[in-house]
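Asker: Whole structure, please, built from the sequences with the hints as guidance.
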Amino acid sequence: MFFELRVYDMQPGKGSEFVKYMDDEIIPYQRSKGMTILASFLNDAEDTYVWIRRFQDEAEREALYDAVYNNDFWRDEIAPKLPALMDVDGLQVTVLKATPRSYMQ
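Heads up: the sequence shown is residues 1 to 105, going by the numbering used here.
Hints listed in this document are in silico derivations from the structure and should not be mistaken for laboratory results. Honestly, I wouldn't trust all of these hints.
[To be verified] Below, a list of computed lysine to any residue pairs in the SDA-like style, where the Cα atoms sit at most 25 Å apart: (1) Lys81 <-> Arg53; (2) Lys20 <-> Met35; (3) Lys81 <-> Glu17; (4) Lys81 <-> Val50; (5) Lys33 <-> Leu5; (6) Lys14 <-> Ser40.
Answerer: Shown next as structure tokens:
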């Protein structure tokens, strides 16, 4: 099992709007496709959004990426709204493996 730590820089003044979009649209959509989303955070300055997703293995991650991103709904409805809210070119994705005593497994 492993995790993705995803870090996004917000467009100026768009942090709260992005959180609403994530909470109301993106996270429910991704969960409906089988994605396990453990947590999401906005920093105090509201200019950085961080979230964590969990995968059983690389095969599951590849299948879920395909289910979430390779369809007309993502391309036509979700993705076009993102550049106004976040720096889509500057997102950071880090793969993490939990240590044996981590509460997140």
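Asker: Look at each hint and say if it fits the structure.
Answerer: Taking the hints in turn, this is what the structure says about them:
Annotation: proposed proximity of lysine 81 to arginine 53 holds, straight-line Cα distance about 21 Å (limit 25 Å). A hinted pair counts as satisfied when its Cα atoms are at most 25 Å apart, and lysine 20 with methionine 35 qualifies at roughly 19 Å. Among the hinted pairs, lysine 81 with glutamate 17 is consistent with the structure: their alpha-carbon atoms are about 11 Å apart, no more than 25 Å. For the given pair, lysine 81 sits about 18 Å from valine 50 by alpha-carbon distance, which is consistent with the 25 Å threshold.
Distance restraint check for lysine 33 and leucine 5: the Cα-Cα separation of roughly 19 Å lies within the 25 Å cut-off, and the hinted pair is therefore satisfied. Taking the CA atoms of lysine 14 and serine 40, the gap is about 16 Å. The hint holds against a cut of 25 Å.
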